[in-house]
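Starting from the given sequences, assemble the full structure and let the hints guide the process.
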Amino acid sequence: MPADGAQLYPAGPDPRRMAELWSAELGGLDVTSATVAVTLQRLAQHVERAVVAIARSHGLGPGDLRVLLALRRGGPPYAVSPTELFRLLLITSGAVSKQVDRLVEVGLVARMPDPEKLRGLLVRLEPAGRAVAEAAMKEMSTSFVGLERLSAEQKHEVLDMLARLQAVMEGAAAMEGAAAQSLAGPAPEGVH
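With UniProt numbering as the guide, the letters of the sequence shown map in order to residues 1 to 192.
Hints were generated in silico from the structure; no laboratory data involved.
The beta-carbon is built from N, C-alpha and C at its ideal position, and this holds for glycine as well.
Please note: incorrect hints may appear among the correct ones.
Only pairs whose alpha carbons sit at most 25 Å apart, straight line, appear in this in silico DMTMM-like list of lysine to aspartate or glutamate [claimed, not checked]:
1. 138 <-> 157
2. 138 <-> 148
3. 138 <-> 160
4. 138 <-> 48
5. 98 <-> 84
6. 138 <-> 126
7. 98 <-> 114
8. 155 <-> 48
9. 138 <-> 153
10. 117 <-> 84
11. 155 <-> 139
12. 98 <-> 126
13. 98 <-> 48
14. 155 <-> 134
15. 155 <-> 14
16. 98 <-> 134
Just the calculated beta-carbon pair ranges, DEER-fashion [what the hints assert, rightly or not]:
17. 74 <-> 97: 13 to 21 Å
18. 89 <-> 34: 22 to 30 Å
19. 76 <-> 34: 42 to 50 Å
Rendered as structure tokens:
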């Protein structure tokens, strides 16, 4: 194995080589940001295939599994509002509603009144849902798209870099959203 770990296992194109090729084609333009984004997208596709397989092994869709995992990692009482769920999962409220409906039907989650809000609802993880979430997380922690082959130190280095990338990318998205909102101006009266 090379000292830098660049080619642990033969796979797709080396991102650094892709950047070199594009840069040469575009007169020396620094295409590193685009190459990082393309590489993240490629890796996300590998992760998504693995998540789909794990979800299917439990008779679920990947979105359903993500709901269970989000509820489980939150700790007791394993309950959050539907609004908090769609914020955690970066999906629409309609998607959360459909996923929760499916999970309620199979007894993995339940809807319950929010004791802190008069008309509020919470989505609570049921014991069967907790068992599925824990089994799935154990699968992902022991054998998941080859990540188990990295040393503990390498995994922590990757997590550190991913945290920086997440902060940069989500900060940029928030700024773009704020800029778009300010360009659009205030909502017409009566529209909220």
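Results of checking the hints against the structure:
| no. | hint | result |
| --- | --- | --- |
| 1 | 138 <-> 157 | holds, 21 Å |
| 2 | 138 <-> 148 | holds, 12 Å |
| 3 | 138 <-> 160 | holds, 22 Å |
| 4 | 138 <-> 48 | holds, 17 Å |
| 5 | 98 <-> 84 | holds, 15 Å |
| 6 | 138 <-> 126 | holds, 18 Å |
| 7 | 98 <-> 114 | holds, 20 Å |
| 8 | 155 <-> 48 | holds, 19 Å |
| 9 | 138 <-> 153 | holds, 20 Å |
| 10 | 117 <-> 84 | holds, 14 Å |
| 11 | 155 <-> 139 | holds, 17 Å |
| 12 | 98 <-> 126 | holds, 17 Å |
| 13 | 98 <-> 48 | holds, 20 Å |
| 14 | 155 <-> 134 | holds, 21 Å |
| 15 | 155 <-> 14 | holds, 20 Å |
| 16 | 98 <-> 134 | holds, 22 Å |
| 17 | 74 <-> 97: 13 to 21 Å | holds, 19 Å |
| 18 | 89 <-> 34: 22 to 30 Å | holds, 27 Å |
| 19 | 76 <-> 34: 42 to 50 Å | holds, 43 Å |
Comparing the model with each earlier hint shows no violations; every hint is respected.
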